[in-house]
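> Full structure from sequences and hints, please.
Here the protein sequences come in this chain order: E and F. With the first sequence counted from 1, adding 110 to any position gets you this note's numbering. With the second sequence counted from 1, adding 68 to any position gets you this note's numbering.
Check before you lean on any hint, since a few could be wrong.
One side only, chain F facing chain E, incomplete, derived with CB under 7 Å [what the hints assert, rightly or not]:
{"id": "1", "residue": "V79"}
{"id": "2", "residue": "A143"}
{"id": "3", "residue": "I157"}
{"id": "4", "residue": "S169"}
{"id": "5", "residue": "A172"}
{"id": "6", "residue": "N177"}
Here are some of the chain E residues that sit facing chain F, going by a computed Cβ distance under 10 Å [stated by the list, open to error]:
{"id": "7", "residue": "P136"}
{"id": "8", "residue": "F539"}
{"id": "9", "residue": "Y540"}
Dumping the calculated BS3-like pairs for lysine-lysine here, alpha-carbon to alpha-carbon at most 27 Å [to be verified]:
{"id": "10", "chain 1": "F", "residue 1": "K189", "chain 2": "E", "residue 2": "K561"}
{"id": "11", "chain 1": "F", "residue 1": "K118", "chain 2": "E", "residue 2": "K506"}
{"id": "12", "chain 1": "E", "residue 1": "K506", "chain 2": "F", "residue 2": "K119"}
Hints were generated in silico from the structure; no laboratory data involved. No residue lacks a Cβ here, since even glycine has one placed at the ideal position from N, Cα and C.
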Amino acid sequence: MREKEINKLKDYKYGFTTDIENIKAPKGLNKEVIKFISEAKNEPKWMLEWRMKAYERLKNLKEPNWQKPKYPKINYQNIYYYSAPKGTSNKPKSIDELDPKILETYKKLGIPLQEQQRLNGIAVDAVFDSVSVATTFKDKLNEVGVIFCPISEAIQKHPDLVKKYLGTVIPITDHYFATLNSAVFTDGSFVYIPKGVRCPMELSTYFRINASQTGQFERTLIIADEGSYVSYLEGCTAPMRDENQLHAANVELIALDDAEIKYSTVQNWYPGDEDGKGGIYNFVTKRGLCKGKNSKISWTQVETGSAITWKYPSCILRGDNSVGEFYSIAITNNHQKADTGTKMTHIGKNTKSKIISKGISAGYADNTYRGLVDINKNANNSRNYTQCDSLLIGNKCGAHTVPYIRNKNSLTNVEHEATTSKISDEQLFYCNQRGLNQEEAVSLIVNGFCKEVLQQLPMEFAVEAQKLVSISLEGSVG
Amino acid sequence: MLEINNLSAKVDKKTILNGLSLKIKPGEVHAIMGPNGSGKSTLANVLSGKKGYEISGKVNYDDKDLFELAIEERAHRGLFLAFQYPLEIPGVNTSNFLKTSLNAIRKSNGKKQLDALEFLKIVKQKASELKIDEKILHRQLNVGFSGGEKKKNEILQMSLIEPKMAILDETDSGLDIDALKIVAKGVNALRNKKRSFLIITHYQRLLDYIKPDFVHVLMKGKIAKSGCMELAEELEKAGYEKI
Chain E
111 MREKEINKLK DYKYGFTTDI ENIKAPKGLN KEVIKFISEA KNEPKWMLEW RMKAYERLKN
171 LKEPNWQKPK YPKINYQNIY YYSAPKGTSN KPKSIDELDP KILETYKKLG IPLQEQQRLN
231 GIAVDAVFDS VSVATTFKDK LNEVGVIFCP ISEAIQKHPD LVKKYLGTVI PITDHYFATL
291 NSAVFTDGSF VYIPKGVRCP MELSTYFRIN ASQTGQFERT LIIADEGSYV SYLEGCTAPM
351 RDENQLHAAN VELIALDDAE IKYSTVQNWY PGDEDGKGGI YNFVTKRGLC KGKNSKISWT
411 QVETGSAITW KYPSCILRGD NSVGEFYSIA ITNNHQKADT GTKMTHIGKN TKSKIISKGI
471 SAGYADNTYR GLVDINKNAN NSRNYTQCDS LLIGNKCGAH TVPYIRNKNS LTNVEHEATT
531 SKISDEQLFY CNQRGLNQEE AVSLIVNGFC KEVLQQLPME FAVEAQKLVS ISLEGSVG
Chain F
69 MLEINNLSAK VDKKTILNGL SLKIKPGEVH AIMGPNGSGK STLANVLSGK KGYEISGKVN
129 YDDKDLFELA IEERAHRGLF LAFQYPLEIP GVNTSNFLKT SLNAIRKSNG KKQLDALEFL
189 KIVKQKASEL KIDEKILHRQ LNVGFSGGEK KKNEILQMSL IEPKMAILDE TDSGLDIDAL
249 KIVAKGVNAL RNKKRSFLII THYQRLLDYI KPDFVHVLMK GKIAKSGCME LAEELEKAGY
309 EKI
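Right, dumping it as structure tokens:
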């Protein structure tokens, strides 16, 4: 390995590739490929029909283009929509039967899947390119009635639940990328928490893109039935490549009466090299529906990777007294770009939402917060509080805040606060004088800036996320 | 401990320090007085390594060429600057900052890192000795602190770090008499045969509580006069014009 590559690997330690034989659908987007995916997953007919409906719809849609980061035209016929390691597509999954190379991959990523080495108190669904390769602690969760499995398995085993909820929060007609996902989605997680159950452990999905020229189209569906609670976390990494790869996910959350869903993301897709070559296009649709009264959905995201991050995890607050929260840290360094934020749609009475966004920009990067607080005419006594803070490191990066507020009800209270600051040379000098080197100083200041959001993460991940925040900014101060 | 030879410093081609020489031996307390713009703060900044100065001359610190050491290396080797205007760092808990700082310095000296409990015990004891309200430990670093609280926090940090050579840059400015006593107490408690101090001040007032071994008058970027405590008293009466 050349020295430059070794250095690169040091910066992005998840950048390795697993050399494994894949089964792929033919390149390109057409009916045959969609049939191929549906067959590979042994799907019932209704699912294929659903996909085809989305595909027909897609023909009439155009990619949205109002976002700030622009990207070269994507050739959708030059992407593999399905790639699975040989032997993982349709046989019953037992971790012992898995290719040792895959086990080794997850071990290297810090997510051991084998029984003895599993993370304590955290159930993991591991998605490798287009398939879920393993799900841990399934039996233990079954004891309390919690369903946690790949969505492809749920389509076969729990069709009633899937039919009832899939596409109810993100309809197949939503927008280009969401519709594309509905046509070609491959794997992701399915979670159902029965009435009154507090899920006994953290659930998590680990997404890994491995194959080249392959898009990942994750689909996740989480349903929290009346009075239940679940905390779910997703993590993402990919190899270093000069090409841009597309990750277009759809995530739907549904919280019924008195239920609570806490959804956390630590996104560390390959960001591209320091000159902006390569990296993942992370174009994701995430939406939660607070369907029942007193329900709550809380999104927490730590976005440090990807060449372009374009996503707005949102809440539709339909149930009276429901609560939506969005806590975000978006870090962009070198040539990374992010356009991220949230939508809070207040429909029910006494609904509350809270938005805390921390954007950090270094190098030549560009970071935009874009958000919509939409208060409908019947949402009496609704409240929103928004706080958007931007931190700049160096003088070649950018930060933008684009808040939209649409209020059709005068009996409401909407607050918006925003700040932009820069890490000053004086602050760094002060820290240096107290014995901290440049990187320790930046890490301390940035972690302080992000604290309100980091505190929202499940404890097991907060420490990792803190480290990730520091690593993402290494070398950002000269 | 510290030997400054013919030190000059320029900012944007403007000469601020102009051939300053000064020798501080272990255990000595030196006070530097001088009118506004005479170069007092620049001296503190240049010694601690702040960027933006064009420097000539030589400074030896603890048998090393000071200018070969990075800012944090100077700190690791026991050089401490109490800032005239301590910086605010939002979101960073004061206690956490103090612990991170102390552990960085301990680590560079091959000492064991203190865990949260060990640190808390030490910092609480130091705060109580200095009659500093522990509450500042839980607040964001210097954010919303009064002038007095900021300066007390600097003295608390000095007491924790126990530097070899402490420079106090106008720490007494803007302090009421009670806060002034706390500053003096912090310095006096640390005074010993090995530790040196350079105290930069406008007023004789602080020197009533910290008796210096030497007093220097800084004018136009160099030492215009040196003497003992009497010099400070003289200045207080007659001003700098007579020098």
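> Now look at each hint and say whether the structure bears it out.
Hints, verified against the model:
1. Checking F:V79 against chain E: minimum C-beta separation of about 14 Å lies over 7 Å; hint violated.
2. With its C-beta approaching chain E no nearer than about 4 Å, F:A143 sits inside the 7 Å limit, and its interface hint holds.
3. Of the supplied interface hints, the one on F:I157 holds, with its beta-carbon coming within about 6 Å of a beta-carbon of chain E, less than 7 Å.
4. Below 7 Å, beta-carbon pairs count as interface contacts, and F:S169 has one with chain E at about 4 Å; its hint therefore holds.
5. A cut of 7 Å between beta carbons decides the hint on F:A172: the least distance to chain E is about 4 Å, and the hint holds.
6. A least Cβ separation of about 10 Å between F:N177 and chain E goes past the 7 Å threshold, and the interface hint is therefore violated.
7. For E:P136, the interface hint is violated, the least distance from its beta-carbon to any beta-carbon of chain F being 51 Å, above 10 Å.
8. With 10 Å as the threshold, the beta carbon of E:F539 comes within range of chain F, its nearest partner Cβ sitting at about 5 Å, so the hint holds.
9. The interface hint given for E:Y540 is met, as the beta carbon of that residue sits about 4 Å from the closest beta carbon of chain F, less than 10 Å.
10. A distance of roughly 25 Å separates the Cα atoms of F:K189 and E:K561; the hinted pair therefore holds under the 27 Å criterion.
11. As the CA atoms of F:K118 and E:K506 are separated by approximately 23 Å, the hinted pair is consistent with the 27 Å bound.
12. Distance check on the hinted pair: E:K506 and F:K119 sit about 21 Å apart at the alpha-carbon level, within 27 Å; holds.
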